[in-house]
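Q: Model the full structure from these sequences, guided by the hints.
Okay, here's what each chain looks like letter by letter:
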Amino acid sequence: MNSKLLNKLVSMGKYAFLGMVLQCFLLSTLLASESNGQSKIDEVFVAVHAAPAPLTEVFKQITNETDFQFSFRKQDIKGISYAHPTTSETVSVEVLLQGISKETNLKFKQVNNTIHVGLKEEVPGKEQVKAEVLITGTVIDENQMPIPGVTITVLGTSTGTVTDADGKYSIDAPDGSSLVFSFIGYTTQTIEIGSQSVIDVTLAEDTQSLDEIVIVGYGTQKKVNLTGAITPVKTDDINDIPATNLSNTLAGRAPGVNVTGTSGLSGASSSIRIRGSFGDPLYVIDGIVRDKEAFDALNSNEVDNLSFLKDAASASIYGSRAGNGVVLVTTKKGTEQKMTIGFQTSYSLYNPTQELLSDKTTATDELIYQNRVAEFLGTTPPNGPEEFAYFENRSYNVNDFIWRNPTSQNYILSVNGGNDKLTYYSMLSYLGEKGAYKSVDHAKFNLRSNVSAKITDRITLDLNIAATQQNHDRFYWPFSPDDDYDVSDLYRVSFNWPKVYPFYTEADGTPADYITDYPLQTPMGSWQAWSVIDQIVGDRYIAIKKRQVNSILSLNVDLGDLIEGLSTRVTGSYLAEDYMQKNYLTYQKNYVFTQADPDGNRFIPAAPDPNNYNIFNFSQNQEFLSYELNTAWSYQFNWFLNYNRTFKKHGINAMLVYEQAENGLFGAYSKAEDPVTHIDQDFVYSQDAQRRYGNGFEEIGARQSLIGRANYNYEEKYIAEFSFRYDGNTLFPEGKRWGFFPSVSAAWRIIAEDFMSGTTSWLDDLKLRVSYGTTGNDLNIANKKINPFSYVNTFRNNPDVRYIFGDELYTSIVPNATPNPNLTWATSTTYNAGVDFELIDTRLVGSIDAFYKQEVDILGSRLVTLPDNYGQDLAPENYAERSWKGGELALLWRDQTAGGKLKYSFYGNLGYARDQWDKLDQDPIFLPGGNRQFETQIGQPHERIFGLRSMGIVRTQEQLNELLEAGLKQFGRDPYLGGLYFEDVRGDGFAPGPDGKIDGNDVQLLSNNATPRINYGFGFDLDWNNFSLNAHFQGVGVYDRIISNQEGPGMRQHGGSIRPYYPIWADDVYTPENPNGKYPRPVGQNWYESGTNASSFWIKNGAYLRLKNLNLGYNIPKNFLSNLNIISAKVFFNGTNLFAISEVKEFQDPEQKNYDSFPLMRSFTLGLDVKF
Amino acid sequence: MSNFKEIKMKRLLYILGFIVLASGCADVLDIEDIEHYSPELVWGDENLASAYMANLYGMFGNWETGADRTSQQIAGIEWYPDRITMTNGAYQNWDYNRIRLINQAIIDVNEGTLPQQVKDNITGQALFMRAYAYFNMVMYHGGVPYIKVPQDRYEDDLFVPRNSTAECFDFLIEDLDQAITLLPEDISSSSSDFGRIDGSFAIAFKAKVLLYKASPQFNPSNPFDNAYWADAQAANKLAYETLLSRGYGLIDQYSQIALDEGNRETIFSVINSYPNKIAVWDHGVRPGSESRGPASATPTWEFIKEYPMLDGKLYNDPTSEYYMTDEEFLQNYWKNRDPRFDQSIVWNGKIYEVSNKAGKRQYTSLGIAHELDDFGINPNAGINSTNLDRYTGFFILKNSLLNLSQPEVQQYDVDYVLMRFAEVMLNYAETANETGDMTTAMNILKEIRERAGIVPGADGNYGIVATNREAMREAILAERNIEFAFEGKRFWDLRRLRMLDRLNGTTKHGVEAIAINDDGGEMSLATGRELATTYSLTEEDFKYQVLQVPRSGVQTSVLPDNYYFFPIQKAVLDRNNQLEQNVGWGGTFDPTLE
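Protein chains in written order, with this note's numbering: chain C, 1 to 1172; chain Z, 1 to 594.
In short, the hints are calculated from the structure, not lab data. Careful: at least some of the hints might be erroneous.
Straight-line alpha carbon distances no greater than 30 Å define the calculated DSS-like cross-link-like pairs of lysine-lysine that follow [stated by the list, open to error]:
id: 1; chain 1: Z; residue 1: 8; chain 2: C; residue 2: 421
id: 2; chain 1: C; residue 1: 589; chain 2: Z; residue 2: 357
id: 3; chain 1: Z; residue 1: 360; chain 2: C; residue 2: 589
id: 4; chain 1: Z; residue 1: 277; chain 2: C; residue 2: 589
id: 5; chain 1: Z; residue 1: 8; chain 2: C; residue 2: 333
id: 6; chain 1: C; residue 1: 671; chain 2: Z; residue 2: 277
id: 7; chain 1: Z; residue 1: 237; chain 2: Z; residue 2: 277
id: 8; chain 1: C; residue 1: 1153; chain 2: C; residue 2: 438
id: 9; chain 1: C; residue 1: 1100; chain 2: C; residue 2: 997
id: 10; chain 1: C; residue 1: 582; chain 2: Z; residue 2: 277
id: 11; chain 1: Z; residue 1: 350; chain 2: C; residue 2: 589
id: 12; chain 1: Z; residue 1: 8; chain 2: C; residue 2: 454
A: And the structure:
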């Protein structure tokens, strides 16, 4: 008998024909959920007697004392007596009937005020063999206060309930089973039922979450015994975010982890940087070293745990490549429970976070721009009233043809269950995106099957198989890389294309706002334009398919029979990856725009001349079809020896691992040119060998490691850990190949000391951590992997030189850099100190970390000792040094109110990091005494902003005269009205002192904060009844952003005399009539003084705060679901990037890569999550 | 049962462990290098040795449409103020990476196992390349460290000072002399080795080097009477005669000097062949309507004026049969010109059968021409040409492959002629003149002009009036200007002769064409457009006016005297404290031979 169900049925019975069903013992599964308020049957109380009484008497009493009537067959209750087990004076009718039902073969059913009495039906099957008993009780805390919302489950099943507002519960449980009482912040209790029918429980507050387990490198660790800086991310928080790539969900989720997404194009991902480092962290998925792509390919729903290992003591267990931190992921496994099927689906709509640049200008803006440039050049303004009138209600926008607001749909199906022998978790998901441009599509399929089998008591076997496929489809475009998600080139043509010419006309020249047979070539004045529209929707494309299959087989053997606490594990992983890319190119044919009346309004098109057209060849000398196919494989083998034992007060957790991995790749590329007709299949292409190209390539690699760790704790009060990794790397010569990277760390749980006993009223936990760790690294000073075999003299092909003798093309070869036989590891050392604390009945939880990281022996090319006449690059040497320092803070406040109905938590995190070079070869001019000492890297962060210091815009004639009289020349040019002018600080050779000329010698340091120094995130979770609301804010600070185009810093005037190109040149610019304009004057030139290149004029405060994610969920009440056999159902709304605050928004989204790269998207998602 | 299973599993585990230990012992880290050649292979295998040399040949460059932007031939102000500084990297020629590769080849090939004849040939090529590379460095900067052996990073003193300019010339000549003895005498264009350096090229190049050595650039105080002229004369005479004896000579058609690949005039060329090796020419010189984008190099009005008339005299030479005033000339500049003009230049209204378009005439007139071809500010058009900063109203025709259709302009693959016999002749003419042999100089000029198609005139002098050494010097210089149009030689000739003042302060211009009716009144653009579609407008249907280009930005060339030797970049000096900066750039090193 389940009180919750009863309650719901009763409340329903008041309205519905279904009435009330009292159906004891028959329901075997029910998922925990909140109690749903009072209902009549348990509002009505009757007095009970301890002495046995015939049921007829009991019914009579109820009939007399309440409004209820009974309907029954006499033979069913004949001879049955009932004595209520408790001695309380009154009980509710509900409880009374439950008691009767439990002791007898009777069931009860209410229809309105009539209670029908019937016999229980015998249900065949084993479940019936075990008698079930009704257990009731109250759950209170140590202060005797009832705790609502406590989850009670029958151990080993999914049967469960939750306590009501008064802490009361009732549950049916098989005789002899155990109940598990759990509630966040309290120690979970398991109680065997025995003969009791009332179980009152006092839950102890779990002030230290003593048993919380955190995943660490090569294993797990009780949180209490952690000594390093590890930040777990709650994966529940990211499950509802409709992200293409996992990394896109993580911004602001962990302090010290900077996640930046620079583009909103379908399929784009975000970069992850830990503690200000410059390289990708290491990605480890289920113990296997993988890459960012594999991480991004994960569906957030299959992720069980996600942790960032930030300090070397935590990360160093991964040795090489862990210098930039580690992102550790474990995927979900099956749990011992009845099969539960989960289904999630969502639909998302996207739109740009900022107005699209193409929508910011009109044809009229273009006319004005042309006149302004003409005015500057001193020529006649080309546009008069006729032109302005013509375009008053007319403007041609490329986006009208090619843009669509993106959408995506997401389906996830999972199955989870098992028994004590076998558990399984399977997931299948599909994410389909329709991107911003009509030919951009992305689809992602994920499959995971994770099965664990207990072969014997001591041996278990896990098989974890994951497969993903991603399909990317997009328009053909050769001028940016195929996986470029900034598509800046395409995005640019969508807004910079002239808006005064139609894209299509009818045969007679009438402009058409739909696609016709007459695409017009837009007159650009600077090159042979093409049809941007046909570029997107025309007959050519790039199709990419990526597949990964990863199988991990693990065998765990408990060797406790040999030595107690000893176990071993063997894990083998095999990863297969495929990459397929098909490029299909056809040329475009566009009709040359001709004026209907060359003497009149030049914008009115004439009928297209069939003989006057242009072929746009996309810079390809032939039409072609190409395929690239790569197939890669790798294995990783691990052998673990684990020892985990507690001797009285001493806890030991030790591990030794052997790891070996190899990888390889085969790739081939084929290209066929010159088709006989336009079909995107190879057979139509020329059979001439000169028109068919192919090449192949291979890669191989290997690594080998020995890893060890020992963690010792005394009473979980003093904790010490030592770990090491002994790593072999093929990039280094034999003898220099192996690196030993030790780490030590310790923690002191001050709270456990006797002298802290006085603080227990407010302080729940306090732990100090310190760590020292080393890791190895095979990257050079530019954070690139060094070339293999840099330690021996080798020759390579030089693709830059193609040379023909006679009629034969010769291969050209060139030696590699002067080898360095002493090549070895760079080593980074991190010192970390941290405090973890919990205060005020664990309401406030937090941690503070400070770190100092030093990297030495970084591989770089020496400069100082090498004059140019040496004539060869040197292989990198281990010499450079750099360091980072910073800290992190994370706080969480959680509480509940309104009798537990409203639960809420606030959290915040903040990370600060700054890097600097400590040792780096530089040209002498940068050294003390050199003229460019101000640019020295030593003691300075890697990324800084250099440029001219702008003195502002020349706004008045007096100002201009003054500058002209002073003879100021800027890059050889005289200053002009509306142009920028700059501070003259140096002469040629960077000689100090002004020389009357502004040029590259006048560059100054403009900012040291070219990357954000501070990253932060904060938010809240609210739970009220069936509603949940989660908001997540994220931002950066101490950041100087220089407004840039894809060519570099500053704003260019690419449009010459005919188009604004960038909308700001049609915005609040300087003109003689508007001398206070915000931006420099449009002159149609990419001059420094017209806005091009780095100057302080374009530096803005890059700090931003944005509402990264907002999630509103509603759990559909159980009473709507139970008849459908649904355990739970949630509908949710999710919004991302809903708003942002930043000075940069004047130009672009604060996260966007450049002013002219593809913008970020805001998303709105509606979803449904069902379990049954 | 369970126990039995356990035993089985444990056995399995032991077997697995054994396999792993066994395979782990075989060192998985010893991977094979699958992407490199081992150095031992290179100098024992003729194919690889050839591949090594092929890489070095990249030094000879390829077609460059804007090469003559440095002179008055092509529009664009290359010499804006402070074009060259010690820090901006401009006009730096400091390619010691290539020098090292060359030096390495000379040593390694002789230590290898190739047949002696192959060794000699490779050594000869490498020595030539070393001289060629150092010559360019010396020509830019004066004497440089003449490294002849690849330096050992640990053993050698790397901080080498500059050799004097004289020493460098000596080393150069020594290298060239040795190369001449080792190289095959001559490689014919039908040979599978065509494109490699041969003795003929080496002899011709040596002659050029000695011409430079004698030139005023290196001898400012005694520009034309220094002793080096005699050496130069000897070498150039030898080159001229030797090559002549080997069958070199002018071809008949000036227009075919490059298009007829491997002709007898070609001394050395870089072979292009689509699709294996292509070059940029048509893509850079064609009018935008027949290319992928606007032309990047267009001839100036200044250069148009420098072409002689058909009688070999300038238009403003009163003795010319075709004398015109400036204004007359502007309206009739295409008439009665040196035939090389017609073979090198495209102008408004000219028949220009590009992309195989029969009868096509090219227009540049604003409002009539394609927007990527037009040039002008005719107010009737309602808008200025967008090409005012880069166009002149003229285009380059020389060396263009007209049969390429518009989408094919990037398939240009004519062999790049680095040196042709006409240059050997004119070099010889110059040394002859400076050593008192005006007759030889005159004969060579006449030969050049005869081939060009200039009429000999009554005196048979093809319009050349040069009665003294100075006048002959000017005549040769003027002939080089026209004969080598767009070949990138003009600026270097002026610099060699210390005549950069002729460029200093100059401006450049283009010519706008405006269509007119028979009565001289301006034609309606609609009519003009209509007539243009059938190519019915000829040169005569336009009037012409001169416009300065570029229209905005710096418009005047500035060439200070210190450009006769370019500076060593400060960063280079900083990395080697033994290097001195040139006089004129704040240093003490005298880059001349004095």
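Q: Now, for every hint given, state plainly whether the structure supports it.
A: Results of checking the hints against the structure:
Under the criterion of a C-alpha separation no larger than 30 Å, the hint pairing residue 8/Z with residue 421/C is consistent with the structure, at around 18 Å. Proposed proximity of residue 589/C and residue 357/Z is supported: the alpha carbons are some 18 Å apart, at most 30 Å. Between residue 360/Z and residue 589/C, the direct Cα distance comes to roughly 21 Å. Compliance with the 30 Å bound is thereby established for this hinted pair. For the hint pairing residue 277/Z with residue 589/C, the CA-to-CA distance comes to about 27 Å; that is within 30 Å, so the pair holds.
Annotation: proposed proximity of residue 8/Z to residue 333/C holds, straight-line Cα distance about 26 Å (limit 30 Å). With a CA separation close to 17 Å, the supplied pair residue 671/C and residue 277/Z stays within the 30 Å bound. Restraint check: the Cα-Cα separation between residue 237/Z and residue 277/Z comes to about 35 Å, which exceeds 30 Å; the hinted pair is violated. Only pairs whose Cα atoms come within 30 Å are accepted, and residue 1153/C paired with residue 438/C is accepted, the gap being roughly 23 Å.
The hinted pair formed by residue 1100/C and residue 997/C meets the criterion: a straight-line CA distance of about 26 Å does not exceed 30 Å. For the hint linking residue 582/C to residue 277/Z, the alpha-carbon distance of about 25 Å falls within 30 Å, and the restraint holds. Between the alpha carbons of residue 350/Z and residue 589/C the distance comes to roughly 27 Å, so the proposed pair stays at or under 30 Å and holds. For the suggested pair residue 8/Z and residue 454/C, the alpha carbons sit about 14 Å apart, so the restraint of at most 30 Å is met.
Of the numbered hints stated above, the single one contradicted by the structure is hint 7.
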